[in-house]
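All chains should be built: construct the whole structure from the sequences, respecting the hints.
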Amino acid sequence: MTIPLVTVLGRMTLAFLGMTGSIAMFAGRAISHCVRPPFYRTQILRQMLEIGYYSLPVVGLTAIFTGMVLALQSYTGFARFSAESAIPNVVVVSLTRELGPVLAGLMVAGRVGAAMAAELGTMRVTEQIDALTTLSTEPFKYLVAPRLIAAVLTLPLLVMVADAIGILGGYLVGVYKLGFNEQTYLRNTVDFLQVQDVVSGLVKAAVFGFIIALMGCYHGYNSRGGAQGVGAATTNAVVSASMLMLVSNYFITELFFAR
Amino acid sequence: MNAAPASAPRIRVRGLRKAFGPKKVLDGIDLDVAPGESLVVIGGSGSGKSVLLKCILGLLPPDSGSILIDGEETTRLSGGERAKVMRKFGMLFQGGALFDSLKVWENVAFGPIQADGMPTHEAKEVALTKLEAVGLTPEVGELKPAELSGGMQKRVSLARAIARQPAIIFFDEPTTGLDPIMADVINDLIVKCVKDLGASTISITHDMASARKIGDRLAMLYQGKLIWQGAVADLDTSGNAFVDQFIHGRAEGPITMAVRK
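Taken in sequence, the protein lines are chains H and R. Counting along the first sequence from 1, when you hit position 119 you're at 119 in my numbering, and nothing is skipped either side. Count along the second sequence starting at 1, add 1000, and that's the number in my numbering.
These are calculated hints, taken from the structure and not from any lab test. Be a bit skeptical, because a hint or two may be false.
[Unchecked claim] Some chain R residues near chain H, calculated using beta-carbon distances under 10 Å:
#, residue
1, L1057
2, P1061
3, R1076
4, L1077
5, R1087
6, M1091
7, F1110
8, A1161
9, D1172
10, R1250
[Claimed, not checked] Using 20 Å as the maximum straight-line C-alpha spacing, the simulated SDA-like pairs for lysine to any residue come out as follows:
#, chain 1, residue 1, chain 2, residue 2
11, R, K1144, R, D1116
12, R, K1124, H, Y40
13, R, K1192, R, D1207
14, R, K1103, H, Y142
15, R, K1195, R, R1212
16, R, K1084, H, Y142
17, R, K1144, H, T122
18, R, K1124, H, S136
19, R, K1084, H, P139
20, R, K1103, H, T122
21, R, K1124, R, T1137
22, H, K177, H, R46
23, R, K1084, H, D130
24, R, K1225, R, S1050
25, R, K1103, H, T184
26, R, K1103, H, I44
27, R, K1144, H, Q43
28, R, K1144, H, R124
29, R, K1088, H, D130
30, R, K1144, H, T126
31, R, K1084, H, S136
32, R, K1103, H, Q43
33, R, K1103, H, R46
34, R, K1084, H, P38
35, R, K1023, R, G1071
36, R, K1144, H, P37
37, R, K1192, R, D1216
38, R, K1088, R, P1061
39, R, K1103, H, L72
40, R, K1084, H, R46
These figures come from a predicted structure and were not determined experimentally. All C-beta atoms in this analysis are idealised placements derived from N, C-alpha and C, irrespective of residue type, glycine included.
In structure tokens:
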């Protein structure tokens, strides 16, 4: 028996709309707990440490090599047009506006979003979330809200560090491999950088932090079916967070830079 | 057949229904539990025992029916009102459901600290007292749940369930996965702790030795309905073919298992 294409499309549309509504309701409930006391400060600090401090090595390595490659690639392209002097500008603008927040976001989604989904998923299937409820503790307030608050606060800090390390990577290649003058490279970097470049990157980081925590918590919290369900939740958290980040990245960019 | 308690019930369930899709799991449950009474619900796997417990606890919303806790309707409570009712409850989960990121004493002290606002040093004292009540030393309190055996995890879970001195305690398969001796130790602890607190309890179990030891009254759930309720002493003379088959663990009888041949 073959199923008509329109039936398949209809089912997919309904499933998509159903999931969108479910995520929106989850987000609304989570945000309502983020702005109402009590706040579990220890949980928030623990999550900030997990998201920010422990992500520093992977984000730092990503940023420094991205900055280095950017400088090298720009040189090979720009040298054809004798535009090598634009390399510091390209490196700093690319990193602060796009590569810093996007790459840090993707790295954190892989590291932290997956961990959130796995932790909450395991808590769900082992009835630990039900246990929280029986101990008069609202799971959204204890588990979801601290992760959302921590991610929104920490991602911008992490991106600021990533931007700085990435620019350092470009500087190292520019000065020590491509023969730029140190002062000229730094002056070009600083002169060309605008506040809006940094601010847009930090706004993106905060939005990406929200998306990563929301997807990690949503898929973990609603995980079903034992180890297989937790595995699926982890995969879905990383994939959906990555896709949503890339889509939202376009709209935030348009908001800041569209003419 | 019915042996409903004479005094005003602590828990009163009337006409409780719950379905998942087309499958009716609970189909009009009526149940009373008196103060200080211990009710054991027995029934086959998938008969709806856990769903009944979760509906009373408020973890699952029933489709219809009424659940009164100390005379207060709880089926439509939310947020803070629900948390107040939860204050009366303690729960021992089948798998323990201990928070594996916390130490054992922190698990036991979780309710007093997070829900009741008790200072940490005071809550730790309470936790260690409760751990002692279930036969565990203060050294065990410093371990993580993953470092404990199944029997010790059950004891910690029992200590957590009684830490806030609840008026009502639920036990979900308290002896599942334990050897017979450890199961009997847990049964003794349950009886002792419940009597000390004077709490009402609802337990669900397959373990008939456990049911006879911890229960005052017993109810059997079959196809979403309570088909028999009575005193544990009357269990062997229930005159109910379903109950007889279940308590003797016979394959032949009115209860048929959906097994593919």
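Against the structure, the hints:
1. Because the smallest distance between the Cβ of L1057/R and any Cβ of chain H comes to about 6 Å, under 10 Å, the interface hint for this residue holds.
2. The beta carbon of P1061/R is not positioned within 10 Å of any beta carbon in chain H (closest approach about 13 Å), and the interface hint is therefore violated.
3. Proximity of R1076/R to chain H is violated relative to the hint, the smallest CB-CB distance being about 16 Å (cut-off 10 Å).
4. Nearest Cβ of chain H to the Cβ of L1077/R: about 12 Å, over the 10 Å cut. The hint is violated.
5. Satisfaction of the interface hint for R1087/R is found here, the shortest Cβ-Cβ separation to chain H being roughly 6 Å, below the 10 Å cut-off.
6. At about 4 Å, the closest approach between the beta carbon of M1091/R and any beta carbon in chain H falls short of 10 Å, and the interface hint on this residue holds.
7. The restraint placing F1110/R at the interface with chain H holds, with a minimum CB-CB distance near 6 Å, inside the 10 Å limit.
8. The interface hint given for A1161/R holds, since its Cβ lies 8 Å from the closest Cβ of chain H, which is under the 10 Å cut-off.
9. Interface restraint check for D1172/R: the shortest CB-CB distance to chain H comes to about 8 Å, inside 10 Å, so the restraint holds.
10. Contact between R1250/R and chain H, as hinted, is not supported at the beta carbon level, the nearest pair being about 31 Å apart and thus beyond 10 Å.
11. Restraint check: the Cα-Cα separation between K1144/R and D1116/R comes to about 23 Å, which exceeds 20 Å; the hinted pair is violated.
12. As the CA atoms of K1124/R and Y40/H are separated by approximately 19 Å, the hinted pair is consistent with the 20 Å bound.
13. As the CA atoms of K1192/R and D1207/R are separated by approximately 19 Å, the hinted pair is consistent with the 20 Å bound.
14. Of the pairs offered as hints, the one joining K1103/R and Y142/H holds, with about 17 Å between alpha carbons and a cut-off of 20 Å not exceeded.
15. Restraint check for K1195/R and R1212/R: satisfied, since their Cα atoms lie roughly 16 Å apart, inside the 20 Å limit.
16. With a C-alpha separation of about 17 Å, the suggested pairing of K1084/R with Y142/H holds against the 20 Å cut-off.
17. A distance of roughly 16 Å separates the Cα atoms of K1144/R and T122/H; the hinted pair therefore holds under the 20 Å criterion.
18. Using a Cα cut-off of 20 Å, the hinted pair K1124/R and S136/H holds, with the two alpha carbons roughly 18 Å apart.
19. With a CA separation close to 15 Å, the supplied pair K1084/R and P139/H stays within the 20 Å bound.
20. Pair hint K1103/R plus T122/H holds up; C-alpha atoms about 18 Å apart against a cutoff of 20 Å.
21. Simply put, K1124/R and T1137/R have alpha-carbon atoms about 13 Å apart, close enough for the 20 Å limit, and the pair holds.
22. Between K177/H and R46/H the CA atoms are separated by roughly 41 Å; this puts the pair beyond 20 Å, and the hint is violated.
23. Restraint check for K1084/R and D130/H: the C-alpha separation of about 16 Å stays at or below 20 Å, so the hint holds.
24. Taken as a hint, the K1225/R and S1050/R pair is honoured in the structure, with Cα atoms around 14 Å apart against an allowance of 20 Å.
25. Restraint check: the Cα-Cα separation between K1103/R and T184/H comes to about 56 Å, which exceeds 20 Å; the hinted pair is violated.
26. Between the alpha carbons of K1103/R and I44/H the distance comes to roughly 19 Å, so the proposed pair stays at or under 20 Å and holds.
27. For the proposed pair K1144/R and Q43/H, the alpha carbon gap of about 18 Å is at most 20 Å, so the pair holds.
28. Between the alpha carbons of K1144/R and R124/H the distance comes to roughly 19 Å, so the proposed pair stays at or under 20 Å and holds.
29. Pair hint K1088/R plus D130/H holds up; C-alpha atoms about 16 Å apart against a cutoff of 20 Å.
30. For the proposed pair K1144/R and T126/H, the alpha carbon gap of about 16 Å is at most 20 Å, so the pair holds.
31. Taken as a hint, the K1084/R and S136/H pair is honoured in the structure, with Cα atoms around 7 Å apart against an allowance of 20 Å.
32. Annotation: proposed proximity of K1103/R to Q43/H holds, straight-line Cα distance about 15 Å (limit 20 Å).
33. The hinted pair formed by K1103/R and R46/H meets the criterion: a straight-line CA distance of about 16 Å does not exceed 20 Å.
34. The hinted pair formed by K1084/R and P38/H meets the criterion: a straight-line CA distance of about 16 Å does not exceed 20 Å.
35. Restraint check for K1023/R and G1071/R: the C-alpha separation of about 30 Å exceeds 20 Å, so the hint is violated.
36. Between the alpha carbons of K1144/R and P37/H the distance comes to roughly 29 Å, so the proposed pair goes past 20 Å and is violated.
37. Taking the CA atoms of K1192/R and D1216/R, the gap is near 14 Å; set against the 20 Å cutoff, the hint holds.
38. Proximity of K1088/R to P1061/R is assessed by CA-CA distance (about 19 Å); at most 20 Å being required, the pair is judged to hold.
39. The suggested pairing of K1103/R with L72/H is violated, with an alpha-carbon distance near 51 Å, which exceeds 20 Å.
40. Pair hint K1084/R plus R46/H does not hold up; C-alpha atoms about 28 Å apart against a cutoff of 20 Å.
The structure shown violates the earlier hints numbered 2, 3, 4, 10, 11, 22, 25, 35, 36, 39, 40.
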